[in-house]
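Colleague: Residue numbers for the sequence shown follow our numbering, beginning at 1 and rising by one.
Because the hints were derived from the structure by calculation, they are not lab data. Warning: the hint list may mix true and false statements.
Distance condition first, Cα-Cα at most 27 Å in a straight line; then the derived DSS-like pairs of lysine-lysine [as the list claims (entries may be wrong)]:
{"id": "1", "residue 1": "K182", "residue 2": "K224"}
{"id": "2", "residue 1": "K212", "residue 2": "K60"}
{"id": "3", "residue 1": "K195", "residue 2": "K28"}
{"id": "4", "residue 1": "K28", "residue 2": "K60"}
{"id": "5", "residue 1": "K154", "residue 2": "K183"}
{"id": "6", "residue 1": "K154", "residue 2": "K204"}
{"id": "7", "residue 1": "K28", "residue 2": "K219"}
{"id": "8", "residue 1": "K81", "residue 2": "K158"}
{"id": "9", "residue 1": "K224", "residue 2": "K129"}
{"id": "10", "residue 1": "K127", "residue 2": "K104"}
{"id": "11", "residue 1": "K57", "residue 2": "K195"}
{"id": "12", "residue 1": "K219", "residue 2": "K204"}
{"id": "13", "residue 1": "K129", "residue 2": "K82"}
{"id": "14", "residue 1": "K131", "residue 2": "K60"}
{"id": "15", "residue 1": "K56", "residue 2": "K212"}
{"id": "16", "residue 1": "K87", "residue 2": "K212"}
{"id": "17", "residue 1": "K131", "residue 2": "K57"}
{"id": "18", "residue 1": "K87", "residue 2": "K64"}
{"id": "19", "residue 1": "K119", "residue 2": "K73"}
{"id": "20", "residue 1": "K183", "residue 2": "K28"}
{"id": "21", "residue 1": "K82", "residue 2": "K183"}
{"id": "22", "residue 1": "K129", "residue 2": "K56"}
{"id": "23", "residue 1": "K104", "residue 2": "K122"}
{"id": "24", "residue 1": "K131", "residue 2": "K262"}
{"id": "25", "residue 1": "K182", "residue 2": "K81"}
{"id": "26", "residue 1": "K62", "residue 2": "K224"}
{"id": "27", "residue 1": "K43", "residue 2": "K123"}
{"id": "28", "residue 1": "K204", "residue 2": "K175"}
{"id": "29", "residue 1": "K104", "residue 2": "K219"}
{"id": "30", "residue 1": "K131", "residue 2": "K182"}
{"id": "31", "residue 1": "K182", "residue 2": "K104"}
{"id": "32", "residue 1": "K129", "residue 2": "K230"}
{"id": "33", "residue 1": "K122", "residue 2": "K92"}
{"id": "34", "residue 1": "K216", "residue 2": "K131"}
{"id": "35", "residue 1": "K195", "residue 2": "K224"}
{"id": "36", "residue 1": "K28", "residue 2": "K154"}
{"id": "37", "residue 1": "K230", "residue 2": "K62"}
{"id": "38", "residue 1": "K224", "residue 2": "K183"}
{"id": "39", "residue 1": "K56", "residue 2": "K182"}
Computed from a prediction, not measured in an experiment: that's the story for all the values here.
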Amino acid sequence: MKKKNVMNKIISFLFLINLVFAGDSNHKALEIMERVIAHPNPKTSISEVHLEIIRKKGSKTKQKNRAFISYEKLYDDGDYKKKSLVKFLEPKSVEGTGLLSWTKFNGLSEQWFFLPILKTAKKIKSKEKSKSFMSTDFIYEDLETREISDDSFKIDGKEIINNRDCIIINSSPIKESFYWGKKIYVDTQIWKIRKVEYFSAQSKLEKTLHFKEIVKVGKYWFPKILEMRKENGNYTIMNVAAFKPDTGLDDQVFTQSFLVEKN
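Using the sequences and the accompanying hints, generate a full structural model.
Modeller: Next up, the structure:
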């Protein structure tokens with residue numbers, strides 16, 4: 001009986017130790033993600049972006065090229081934390097197509113999609129956010145901003161990416177998400193994300209986002225070249241040709257009327 005009691009105490013002690021270390025890991029992971037988010041970001045910015053959409057079928061490869069301009073504005077108060085607008089410029093077949101996104105401080109977001117042929121903006125429903133955005137390997141949810149409280153985080157080791165030390169953070173959704181979870185690789189020198197793996201099930205890797213090139217403009221670090229690669233071999237390259245921070249943007253830019261306006 002004494003041996004059994006001693007064994008039970010040892011098991012209980014080990015269980016408590018595991019809980020303490022798990023809690024410590026979660027806390028450190030959250031601190032790392034908070035540090036990533038705390039990096040300075042411009043209040044307003046304009047980006048000119050080129051897209052390469054690669055589709056593979058057997059030995060054949062097809063490529064589509066597109067270009068868009070992106071406007072972004074961050075807020076310190078009010079209902080909204082961030083507003084962004086994407087407008088396609090090329091080719092002619094997609095010119096004028098756009099996406100307007102609003103993110104509130106409480107984590108809720110709204111998106112509107114515009115096709116010139118429809119002549120009106122269409123609000124994107126929650127169930128549609130898992131759909132591909134403009135035939136790329138990004139879905140609508142990928143273009144939203146999730147609050148740090150929308151997910152739980154846990155440290156899952158270390159890895160070197162392009163000669164940079166990275167901490168691996170496991171992310172699990174608390175708030176609704178298309179993804180089962182993500183693995184986020186954080187560069188511990190500049191505290192920017194180098195890679196994100198997206199899982200649609202516990203052991204099923206759906207796709208991987210590679211931050212191929214991260215550069216500094218003034219005091220701001222930003223990803224210049226991103227590649228979203230799916231497990232089926234398809235991928236999308238996003239190349240930021242120009243990044244203009246702190247340009248000053250009127251709120252009118254982030255409205256449905258501007259979204260549908262021809263300019």
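Colleague: Of all the hints numbered above, which does this structure not satisfy? Sort the numbers upward.
Modeller: 4, 8, 12 and 34
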